[in-house]
Amino acid sequence: MHAFSLRKRLLLVATLVLVIALGLVGFALNAANYRGAVSALQTRMESYVYLVLAAMEVDDNGGMEVDGEFSDPRLTQPASGVYVQVLGAEGGWSSASSLGQQWPDLPRKDPGQMSFLEPAAEMHAFTLQYGVGWQLADGSVEPFTVTVLVDESEIRQQTSAFRLGLWRSLIAAGAILVIAQVVIFFFGFRPLRRVAHDVALVESGEAARLEGHYPMELEPLARNVNRLLETEKSNQTRIRNALDSLAHSLKTPLAVIQAGLPLHGGEAEASMQSAVNEISRLIATRLERAGSTARRTLGEPVEVQPQVQRILDSLQKVYSQKMIEAGLILEERLKFYGEQRDLLELTGNLLDNAFKYGKSHVRIAGGAVEPGASRPGLWLRVEDDGPGIDEAQWERLSQRGSRGDEQVEGHGLGLAIVMELVTAYGGEVSIGHSEMGGAMISVKIPSS
Amino acid sequence: MRVLLIEDDIRLQETLSSHLRGAGYAVDVSADGIEGLYLGEEFPVDLAIIDLGLPELPGLEVIRKLRSRGKDFPILVLTARSEWQDKVAGLEAGADDYLTKPFHMEELMARINALLRRAGGHAQPRVDLGPISIDLTGQRVYRDGEEIELTTYEYKVLNYLVMHPDEVVTKTDLSEHIYEEDADRDSNVIEVFVGRLRRKLDPDSTLNPIETLRGRGYRLARLLAP
Numbered sequence: 012m013h014a015f016s017l018r019k020r021l022l023l024v025a026t027l028v029l030v031i032a033l034g035l036v037g038f039a040l041n042a043a044n045y046r047g048a049v050s051a052l053q054t055r056m057e058s059y060v061y062l063v064l065a066a067m068e069v070d071d072n073g074g075m076e077v078d079g080e081f082s083d084p085r086l087t088q089p090a091s092g093v094y095v096q097v098l099g100a101e102g103g104w105s106s107a108s109s110l111g112q113q114w115p116d117l118p119r120k121d122p123g124q125m126s127f128l129e130p131a132a133e134m135h136a137f138t139l140q141y142g143v144g145w146q147l148a149d150g151s152v153e154p155f156t157v158t159v160l161v162d163e164s165e166i167r168q169q170t171s172a173f174r175l176g177l178w179r180s181l182i183a184a185g186a187i188l189v190i191a192q193v194v195i196f197f198f199g200f201r202p203l204r205r206v207a208h209d210v211a212l213v214e215s216g217e218a219a220r221l222e223g224h225y226p227m228e229l230e231p232l233a234r235n236v237n238r239l240l241e242t243e244k245s246n247q248t249r250i251r252n253a254l255d256s257l258a259h260s261l262k263t264p265l266a267v268i269q270a271g272l273p274l275h276g277g278e279a280e281a282s283m284q285s286a287v288n289e290i291s292r293l294i295a296t297r298l299e300r301a302g303s304t305a306r307r308t309l310g311e312p313v314e315v316q317p318q319v320q321r322i323l324d325s326l327q328k329v330y331s332q333k334m335i336e337a338g339l340i341l342e343e344r345l346k347f348y349g350e351q352r353d354l355l356e357l358t359g360n361l362l363d364n365a366f367k368y369g370k371s372h373v374r375i376a377g378g379a380v381e382p383g384a385s386r387p388g389l390w391l392r393v394e395d396d397g398p399g400i401d402e403a404q405w406e407r408l409s410q411r412g413s414r415g416d417e418q419v420e421g422h423g424l425g426l427a428i429v430m431e432l433v434t435a436y437g438g439e440v441s442i443g444h445s446e447m448g449g450a451m452i453s454v455k456i457p458s459s
Numbered sequence: 135m136r137v138l139l140i141e142d143d144i145r146l147q148e149t150l151s152s153h154l155r156g157a158g159y160a161v162d163v164s165a166d167g168i169e170g171l172y173l174g175e176e177f178p179v180d181l182a183i184i185d186l187g188l189p190e191l192p193g194l195e196v197i198r199k200l201r202s203r204g205k206d207f208p209i210l211v212l213t214a215r216s217e218w219q220d221k222v223a224g225l226e227a228g229a230d231d232y233l234t235k236p237f238h239m240e241e242l243m244a245r246i247n248a249l250l251r252r253a254g255g256h257a258q259p260r261v262d263l264g265p266i267s268i269d270l271t272g273q274r275v276y277r278d279g280e281e282i283e284l285t286t287y288e289y290k291v292l293n294y295l296v297m298h299p300d301e302v303v304t305k306t307d308l309s310e311h312i313y314e315e316d317a318d319r320d321s322n323v324i325e326v327f328v329g330r331l332r333r334k335l336d337p338d339s340t341l342n343p344i345e346t347l348r349g350r351g352y353r354l355a356r357l358l359a360p
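So the protein sequences, as listed, match chains X and W. Here the first sequence stands for residues 12 to 459, where the numbers follow my numbering. Here the second sequence stands for residues 135 to 360, where the numbers follow my numbering.
Hints are supplied without guarantee of correctness; some may be wrong.
Claimed, not checked - Residues from chain W shown here face chain X by an in silico Cβ test under 8 Å; the list is partial:
1) E217
2) F237
3) T346
4) R348
FYI, nobody ran anything at the bench for these hints, they're computed from the structure. The beta carbon of each residue, even a glycine, is placed where N, CA and C say it ideally should be.
With the rest of the complex left out, here is chain W:
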């Protein structure tokens, strides 16, 4: 999942981005509204965290412009302004949630998680795919109650597929959403991750949880609970 962070305080920006990366997100950062807006428009962002008090272009404007240009990824407003007047203005401009400074990192992570889940159509933090269940908050995957050990990138691939159910996800989509802009991408690596993920989730090849649509991409299979 790719997160855009627009925050002008460099210390906070660094703390947040390192936490986000640690939690497995690809993070793009910007310290001003104009650059942030550009990143939001041009990059395949899954979620944006936007500070309202930004130089160049106020956060509210960034949100309005993103929404008016059809960007519908969830936006979390990060603001020092704790008055409801400001919160309401942020939400009315098109944000989906707000967090006032100062905040707990855990709180921020929980909100991001919840927003991504909601965007993926999952109301609950637990997603069940037949015998496979995914705990989106704890980033853990189980099969028949047994935890399956996944590497960070394997989990990222699975998470992205879970967040885009009933959609065909291309290798480009995957590499764009799990890697940051400056990372060295190779679509073959995605194939390797998907292959390993399949083996871990479905060692005896009975479920086929990830379908391959030749020449188009991957799709999460609709697996019903047993």
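So that you can see chain X by itself, here it is in the shape it has in the complex:
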């Protein structure tokens, strides 16, 4: 399973935090607005109390009346949402607006007492009660309770309009912030993507190390990756050298053993000879090749023609008595994207067989595979006019690590090495008949 991408992860967390923070801000602003609205309402309700008290007349017996002509229409218009009631010992008054309203049963207040209640489950209105004492002519004090009710819708309209505006602007702000985050992450993560890209280049062999300039935070990562690459490279070199020297130091004692064996000895010698051959073959095909990485080198490609020419010159020297005529038909400026030693090994083994078995003519042809690719492949065809390889032998030779002709280290060993090498490069080897009369070996290494 893929771990959640860093960018998605950060985006998700940041968005979550953003939503929570904006939500809290929204709630706080909403609450503050509500409190403000309620407190304004309370003040307004108090002013109704004073308005009514100013219009109130009390006679000497404590009877009361209120002049109902108020300038505020909400006190006179029925169901206006603002209702005022004055209750005394001897009766009371209620505003014209409360006509048809059911007054709740509220406790009376002593003079000087005041209470303010917000709407509750049973009560859908704000309630302000004010206790006043009216001094009569005889000096006694008559208690009255003034009750003001304001329908909760009064505030609700006001606050819900505010809330709507508030949430709209908060959502807009949130959206802008989320977009900003995406943009920030995109640019912020660009160096990381570049590191990933550069590491991929190292992996594919197009770069030897992380070369770019990275932001300060990524420098240690790049440095450590480079250090790791160096360690790995030096380990590889060490292993390669160890294998190489092991392969070579095994051969001298082996040569001592073999030198002591007659070519046509008895059964015991023959079985020892075959054991020596087996070890030699394993050294040549496995041990010596184990050290070579066969990975495409990062460096410059090898020009094929001069290397093939070196092999041809060498073989002409070795097989000088055969007077072989060698043809070299290579595409111009043909390049091999790999190690020079591998190219020499490939062409050396193929041409050595051709020189060994050919009568008088040998030919090598070659060209690029997928010439358009950034690192094109290579095909090579080596032919001779010798006896050729019969089909029964093809099968045997095509098998990996086939023994081939043991006595003369014939096609077998050379071809086995070629196959090992070509396989390591992801290519293929095919054996056939040449129009020249002998064997034709074709090698194809794909582009990378």
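Using the hints provided, position chain W relative to the given structure of chain X.
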């Protein structure tokens, strides 16, 4: 024929030198590059077998130095390095052939033979001198199809003359190339060998296959096939 063997593995050196001596070669051995180079420069060597992995001075350097000092005897590289990179390097340094370890003794002998023949200008392992024919591989000599029995030293003298056709070969040359350095040499012995060789090759003194150039040495006569 005098062979210089430079090989640092003593066991292999001993096995090879005893085989070479058994095959009639005079052998000088060395286990390191510097001494080997000295022997190659100072001794009348006909062929050198040089291991590439040598102490003191690498085999490739020995070959390069020998060639740069005008030594043109054939050089066979003996190497544990079977990669073409190394073979090509050896041949480019001036070697004439290579053999990778391990190898068959017969293979080594065949290669040495072929190199010496090539150096002597003989492409084929069989050399004909009129009715006399010499099988350089089997080290046998025939006259009119009949094998002539030769002793080792008689064959060595004949072989050296065959490998240096059209050249005047001195008694010193002969003794230097058929004896090892520490052997007791006597130029009179060479005269005895040549005399016996003449009698065996040409019992009725009609061919005169070995000419004597008084005061200078011997030369193989140009005998055409009958």
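Hint by hint, here is what the structure shows:
1. E217: Where the cut-off is 8 Å and the nearest Cβ of chain X is about 6 Å from E217(W), the hint holds.
2. F237: Holds - the Cβ of F237(W) comes within 8 Å of chain X, reaching about 6 Å at its closest.
3. T346: Check failed: Cβ of T346(W) comes no nearer than 32 Å to chain X, outside 8 Å.
4. R348: violated (37 Å)
Of the numbered hints listed earlier, those contradicted by the structure are 3 and 4.
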